[in-house]
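Trainee: Got chain A; can you put chain B on it based on the hints?
2 protein chains.
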Amino acid sequence: MTAASHYDDPKTLRAACRQGQWRNSTSGQCSGYVQANLAILPRDLAFDFLLFCNRNPRPCPVLEVTDPGDPMLREIAPGADLRTDLPAYRVFRDGEIIEERTDLLDVWSEDLVGFLLGCSYTFDAVLDSSGFPQAHHAEGREPGIYVSNIACKPAGRFKGPMVVTARAFSGDKVTEVVVLTSRFRKTHGGPVYVGDPSALGIDLAIPEPEYGGFPLQPEAGQVPLFWACGVTPQAVARASRVPFMITHKPGHMFVSDLTVDEVIRD
Amino acid sequence: MTAASHYDDPKTLRAACRQGQWRNSTSGQCSGYVQANLAILPRDLAFDFLLFCNRNPRPCPVLEVTDPGDPMLREIAPGADLRTDLPAYRVFRDGEIIEERTDLLDVWSEDLVGFLLGCSYTFDAVLDSSGFPQAHHAEGREPGIYVSNIACKPAGRFKGPMVVTARAFSGDKVTEVVVLTSRFRKTHGGPVYVGDPSALGIDLAIPEPEYGGFPLQPEAGQVPLFWACGVTPQAVARASRVPFMITHKPGHMFVSDLTVDEVIRD
Numbered sequence: 050m051t052a053a054s055h056y057d058d059p060k061t062l063r064a065a066c067r068q069g070q071w072r073n074s075t076s077g078q079c080s081g082y083v084q085a086n087l088a089i090l091p092r093d094l095a096f097d098f099l100l101f102c103n104r105n106p107r108p109c110p111v112l113e114v115t116d117p118g119d120p121m122l123r124e125i126a127p128g129a130d131l132r133t134d135l136p137a138y139r140v141f142r143d144g145e146i147i148e149e150r151t152d153l154l155d156v157w158s159e160d161l162v163g164f165l166l167g168c169s170y171t172f173d174a175v176l177d178s179s180g181f182p183q184a185h186h187a188e189g190r191e192p193g194i195y196v197s198n199i200a201c202k203p204a205g206r207f208k209g210p211m212v213v214t215a216r217a218f219s220g221d222k223v224t225e226v227v228v229l230t231s232r233f234r235k236t237h238g239g240p241v242y243v244g245d246p247s248a249l250g251i252d253l254a255i256p257e258p259e260y261g262g263f264p265l266q267p268e269a270g271q272v273p274l275f276w277a278c279g280v281t282p283q284a285v286a287r288a289s290r291v292p293f294m295i296t297h298k299p300g301h302m303f304v305s306d307l308t309v310d311e312v313i314r315d
Numbered sequence: 050m051t052a053a054s055h056y057d058d059p060k061t062l063r064a065a066c067r068q069g070q071w072r073n074s075t076s077g078q079c080s081g082y083v084q085a086n087l088a089i090l091p092r093d094l095a096f097d098f099l100l101f102c103n104r105n106p107r108p109c110p111v112l113e114v115t116d117p118g119d120p121m122l123r124e125i126a127p128g129a130d131l132r133t134d135l136p137a138y139r140v141f142r143d144g145e146i147i148e149e150r151t152d153l154l155d156v157w158s159e160d161l162v163g164f165l166l167g168c169s170y171t172f173d174a175v176l177d178s179s180g181f182p183q184a185h186h187a188e189g190r191e192p193g194i195y196v197s198n199i200a201c202k203p204a205g206r207f208k209g210p211m212v213v214t215a216r217a218f219s220g221d222k223v224t225e226v227v228v229l230t231s232r233f234r235k236t237h238g239g240p241v242y243v244g245d246p247s248a249l250g251i252d253l254a255i256p257e258p259e260y261g262g263f264p265l266q267p268e269a270g271q272v273p274l275f276w277a278c279g280v281t282p283q284a285v286a287r288a289s290r291v292p293f294m295i296t297h298k299p300g301h302m303f304v305s306d307l308t309v310d311e312v313i314r315d
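Taken in order, these protein sequences are the chains called A and B. Residue 50 is where the first sequence starts when you use my numbering, and the numbers rise one by one after that. Residue 50 is where the second sequence starts when you use my numbering, and the numbers rise one by one after that.
Next comes chain A alone, as it looks inside the complex (with noise of 0.2 angstroms):
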């Protein structure tokens, strides 16, 4: 297989990761298709991780939940391996980032449990085919994301700050763009805030996002709009100090076989 710069279908792009020919975000690729956020505990931290998720379904919408030990996804992408299918990975131990990976299989275990969490790069293809263009897109880049001081729901071990997107949109389109993404449930819905940054202990002043991603940079007459998302267990493992866990790089996300259209369903 020879490396391309741009993939249209999920099972090639994950063949191109597991053979180290794709390391880049996901940003962009295999439009059409539902993109996921990974997390990745122990056994013993799963029954508090899956009931964060419960409590705070808007950073968090479970899309899968691996049987404990087994890497192999059945559902929203049949046979594709969590240990080699992503572009990048990151290894937290107590909180903090000791290495980025670019697959799994020194690492895993029979102990471990994989969480796939919707992303919203899935509807910012259906926001530009819709005639709502986006800043990052036209950058080639993925929507900053930034660290607010909303305070998740906690649940045993785990609590810490919501994780947020961020784009600009004109004020006559707020509406239609917060109905369109109300509608992606499972990929954080509709905006968790709208308006002013500092709002959210957002400062626009600071050249680089927290988490990455091309900076908000609101034009005159637009909006600024915020999305959960699910980067949030990063943020929530280093405030809670989890033990071990192993995630996605951000920007860089496992591709689904799951279409939007199917996603909207749910």
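If you're looking for bench data, these hints aren't it; they were derived computationally from the structure. Treat the hints with care, since some could be wrong.
[What the hints assert, rightly or not] Examples of chain A residues toward chain B, derived with CB under 7 angstroms:
#: 1; residue: 94
#: 2; residue: 95
#: 3; residue: 96
#: 4; residue: 99
#: 5; residue: 103
#: 6; residue: 111
#: 7; residue: 114
For each residue, glycine too, the CB sits at the ideal point set by N, CA and C.
Mentor: Just chain B, lined up with the frame of chain A:
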């Protein structure tokens, strides 16, 4: 407090349960408030059960999960006590009912986790008041509760059949009933099946539904509709020989402080 035959307010009904003055079905009580099924499990089965609920959201829509050892609710009825605030309970060992109780004061332990799951009684009152009256309500009964041949998606220790409630409406009402109940995602949503009961393995010639309620008796021109039911965990406990589980007695629900309007928003 004097015993009443009808309650409008959930707090008053729960107090009546606590004081031994209400041991009947909650069908038709506290119109406009959300009713909930109960499942209580030991901590070491809690992850498997929460995953079962996540994989089977139609029969098992999660309204609240308590922290391990804590019998008090915080979200859907702050201050309510799972040990006393339902009219009647069932205790299961190895999947079989070993006793029915009117409180859990002697059996509660620090190891237990409570799961509250939405109940279709919530939309029964809305159907009645929206011009879709139901035969079972005219009789002062709850809808018939049947074990179907639909297999739930398994999760760890839990597998088994989906339990359903049955209602019949004339053919010209079906669309409106489907659309209306589909809005109640947290209380089972729209029907899982419309039509011939035998397709679900349900034999109407058997006079009493397995889990009680008013037997389905479609009149000429009426179509049977089947909704997923929160008694499913009880059938799953039996099928999976779950070591220990406590539930409500079918029809004898937890009545929450959530209003129908609040749950429609979700």
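Trainee: Compare the structure with each hint and give your call.
Mentor: The hints, checked one at a time:
1. 94: violated (9 angstroms)
2. 95: holds (5 angstroms)
3. 96: holds (4 angstroms)
4. 99: Interface hint status for residue 99 of chain A: holds (5 angstroms vs cutoff 7 angstroms).
5. 103: holds (5 angstroms)
6. 111: holds (6 angstroms)
7. 114: OK, holds: residue 114 of chain A within 7 angstroms of chain B, min 6 angstroms.
Of the numbered hints given earlier, the model fails hint 1 alone.
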